[in-house]
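Enquirer: Single-letter residue listing:
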Amino acid sequence: MSHKIVIPIGPYHPLQEEPEFFRLYVDGEKVVDIDIVIGYMHRGIEELSEHNHFDQVPFLVERICGICSHSHPNAYVLAVEDILGGERNVVPERALYIRTIIDEMQRIHSHLLWLGLAGHFIGYNTVWMWAWRYREPILDMFEMITGNRQHYAMCKVGGVRRDIRPQDIPILRKALDELVPVIDMFKGAVMDDPVIQARLKGIGILNRQQAIDWCAVGPTARAAGLDIDVRRDEPYGVTDRLKWNVIIEKDGDIFAKTKVRILELYESINMIRQCLDKLPEGPIDADIKDIPPGEGIGRVEAPRGECFHYVRADGTNRPIRHKIRAPSYMNVASNKVAAVGGTISDAAITLAAVDPCYCCTERTAVLEKGSEKKIMNGFDLIKLSQEKTEKIRNNKDNRD
Amino acid sequence: MMILFNYLIFPGFLFAATVGLIAGWVDRKVTARIQWRKGPPWYQNFVDIVKLTGKETILPEGAGITFLLAPYLGLLCVVLAATILGMTLIFPSAGFTGDLIVILYLLVIPAIAMMIGAAASGNPLASVGASREMKLVLAYELPFLLSVITVIIKSQGAIRLGSVIVHQAASGPNIGSISGISAFIVCILCMQAKLGLVPFDSSEAEQEIMGGTLIEYSGLPLAIFRLTKAVLLYTTPLFLIILFWAGNLSAGSIIWKYIALLVIIILIKNTSPRVRIDQALGFFWGKAAILAAAAVILALAGK
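Going line by line, the protein sequences match chains V and R. Per this note's numbering, the first sequence starts with residue 7, numbered consecutively. Per this note's numbering, the second sequence starts with residue 19, numbered consecutively.
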């Protein structure tokens with residue numbers, strides 16, 4: 007073999023905004039080996055969680071990831087409710103439905119986000135901008151229901167924190183109706199484009215056996231023909247009372263992963279509609295006071311795959327052990343087989359195709375044109391954002 | 019003195035760079051509007067160049083004078099090409115025999131300058147970019163030359179741009195015939211690759227190799243490369259207009275033809291993903307070369 011050159015992707019790289027480090031050993035353009043280094047983002051969440059009481063932890067764990075910011079608190083409260091005797095025995099009916107609605111809305115926004123990023127990674131910036139533009143209405147719906155675009159703070163032990171108001175339901179339905187033709191458009195534009203097919207088909211293949219060996223989860227595994235989905239295998243919320251399909255593809259290449267995600271968008275919309283149809287009246291919170299000693303687990307199908315939380319309680323108001331396993335942890339490792347053998351160009355999209363978790367937080371200051379004078383600082387921006395939330399909530403009210 | 023004026027001011031450097039930078043702005047603005055963004059103000063590209071010239075030039079360890087001179091080589095040659103083309107348009111009889119061949123060579127040199135500079139920087143990502151650029155040049159030059167040969171055949175073997183124009187003025191633009199339009203289509207695709215735009219921008223692919231050939235450049239040399247690209251954005255479509263579409267050469271007609279080509283460039287750029295370098299090679303040596311060869315044969319048959 008001729009001598010190998012190392013192409014570094016990370017720790018800071020325009021490809022992936024989050025610090026992850028991939029060392030590609032290349033021979034010409036061909037990737038012959040890959041080293042994966044993670045751990046740049048260690049924040050000690052598990053330890054922190056053991057120093058907060060049970061009702062504070064959801065706020066902490068939803069900050070693990072800015073995109074799956076419902077999955078983590080959901081898995082955590084499932085784990086605590088497991089100690090209390092199971093979600094179904096503790097949580098009121100209406101809260102179960104609301105949890106599923108938020109979960110599926112999160113899947114829609116996350117998959118659209120990935121679709122855009124995937125377009126960006128193969129140099130197709132139009133798909134990027136369009137996918138993100140059509141993700142905006144979903145974020146607006148989040149803002150209307152929960153008050154936030156991200157970090158919804160909906161889950162609490164024993165229920166949800168906010169109700170879906172009756173006047174919001176038609177607006178949400180309308181947003182979903184408008185989303186369907188958009189997804190049709192993406193389905194056509196992405197899946198029928200010969201150049202995209204040339205870039206994505208047969209690239210970054212993770213076959214069924216490899217998916218099992220590397221413990222791949224979520225769309226990464228389902229694209230490889232592995233029939234797993236926590237929503238069906240171990241239902242939470244009301245996922246077992248709805249009619250929907252687990253999307254499976256056989257090929258295991260990037261194209262299959264894209265296809266799984268696009269088709270899952272339809273299923274999610276379908277699930278939210280059914281939830282809205284069946285949404286029962288009643289309380290949204292069981293008002294849990296004490297957590298008895300014991301241990302519990304919670305599993306949730308996050309947009310990227312199975313998200314797992316383990317909680318042990320000793321009768322005090324704090325978890326004494328909290329263990330988290332996020333889906334990207336397994337999926338990123340599977341790049342070791344998926345990216346080797348392709349070219350550098352393929353590696354870029356392959357590394358991103360497992361949808362590694364991104365976290366976007368921005369600070370902004372608005373300056374007056376031509377001078378250094380700040381016309382808005384952080385507090386003003388928060389105020390501006392709160393005003394916009396109010397506007398969305400009120401405007402939508404008036405529209406009916 | 020007049021030659022110097024032609025080279026530096028009009029229709030050379032100053033004019034070509036200005037038009038190229040404004041065309042670059044049109045590209046950015048239209049792209050932004052397609053992508054639901056606002057886009058920059060019209061002077062953005064000029065401000066970028068001015069800002070870059072004021073920035074520190076960082077010299078990578080081990081990079082020598084080649085690294086610094088490579089950008090100028092590209093710019094000098096592409097400005098020369100712009101001057102020759104501009105003069106030909108103003109005085110079709112002013113050219114010299116073989117200026118078509120000279121232009122062909124001059125238009126390759128920016129790519130070569132980029133390779134030299136990238137190779138001199140000693141960065142592994144830049145060397146990947148340089149090798150991609152080299153493969154791309156090898157790929158698109160074959161169909162591009164075949165298309166130009168089509169034009170030469172159609173102009174009864176003239177290798178002087180003036181004669182090509184005169185011939186088209188007499189017997190209609192080359193684009194009007196089957197062989198001409200086939201060669202023209204191939205040339206548009208080659209132009210996209212020459213300009214280093216999506217889908218053929220893999221030598222600079224930001225998401226893969228972080229700017230590739232340009233990764234080590236900063237300050238003035240980077241500004242020179244940007245200017246080179248701008249002048250190229252003016253020169254290459256102009257070359258195509260002269261070769262294929264030169265029936266009526268009033269100023270207004272040249273402007274709308276140029277804008278039409280610019281629109282095509284922007285549309286291609288915004289409706290396709292980046293292709294891998296081996297796919298680009300396969301495309302240019304396969305489909306594009308076959309179409310260009312067919313054009314040559316058709317031209318020989320007088321179609």
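Hints in this document: simulated from the structure, not taken from any laboratory. Treat the hints with caution; some may be incorrect.
Ranges of calculated distance between the beta carbons of each label pair, as one might list FRET restraints [said to hold, decoys possible]:
{"hint": "1", "chain 1": "V", "residue 1": "Ala195", "chain 2": "R", "residue 2": "Phe109", "range": "39 to 49 Å"}
{"hint": "2", "chain 1": "R", "residue 1": "Phe28", "chain 2": "V", "residue 2": "Pro200", "range": "35 to 45 Å"}
{"hint": "3", "chain 1": "R", "residue 1": "Pro58", "chain 2": "V", "residue 2": "Pro17", "range": "24 to 34 Å"}
{"hint": "4", "chain 1": "R", "residue 1": "Leu87", "chain 2": "V", "residue 2": "Pro200", "range": "33 to 43 Å"}
{"hint": "5", "chain 1": "V", "residue 1": "Ser391", "chain 2": "R", "residue 2": "Ser271", "range": "19 to 29 Å"}
{"hint": "6", "chain 1": "V", "residue 1": "Val12", "chain 2": "R", "residue 2": "Thr71", "range": "28 to 38 Å"}
{"hint": "7", "chain 1": "V", "residue 1": "Glu287", "chain 2": "R", "residue 2": "Arg51", "range": "45 to 55 Å"}
{"hint": "8", "chain 1": "V", "residue 1": "Gly231", "chain 2": "R", "residue 2": "Val65", "range": "47 to 57 Å"}
{"hint": "9", "chain 1": "V", "residue 1": "Gly34", "chain 2": "R", "residue 2": "Pro58", "range": "36 to 46 Å"}
{"hint": "10", "chain 1": "V", "residue 1": "Gly288", "chain 2": "R", "residue 2": "Pro58", "range": "36 to 46 Å"}
{"hint": "11", "chain 1": "V", "residue 1": "Met191", "chain 2": "R", "residue 2": "Pro58", "range": "23 to 33 Å"}
The beta carbon of each residue, even a glycine, is placed where N, CA and C say it ideally should be.
Enquirer: Could you run down the list of hints and mark each one as holding or not?
Expert: Results of checking the hints against the structure:
1. Ala195(V) to Phe109(R): 39 to 49 Å: 48 Å Cβ-Cβ, so the 39 to 49 Å window holds.
2. Phe28(R) to Pro200(V): 35 to 45 Å: For Pro200(V) against Phe28(R), whose Cβ atoms are near 44 Å apart, the range 35 to 45 Å holds.
3. Pro58(R) to Pro17(V): 24 to 34 Å: Given range 24 to 34 Å: holds, Cβ gap about 31 Å.
4. Leu87(R) to Pro200(V): 33 to 43 Å: 42 Å Cβ-Cβ, so the 33 to 43 Å window holds.
5. Ser391(V) to Ser271(R): 19 to 29 Å: At roughly 53 Å between Cβ atoms, Ser271(R) and Ser391(V) fall outside 19 to 29 Å, so the hint is violated.
6. Val12(V) to Thr71(R): 28 to 38 Å: 34 Å, holds
7. Glu287(V) to Arg51(R): 45 to 55 Å: 47 Å, holds
8. Gly231(V) to Val65(R): 47 to 57 Å: 53 Å, holds
9. Gly34(V) to Pro58(R): 36 to 46 Å: At 38 Å between Cβs, range holds.
10. Gly288(V) to Pro58(R): 36 to 46 Å: Because 54 Å falls outside the window, the suggested range is violated.
11. Met191(V) to Pro58(R): 23 to 33 Å: Given range 23 to 33 Å: holds, Cβ gap about 28 Å.
In this structure, the hints that do not hold are numbers 5 and 10, in rising order.
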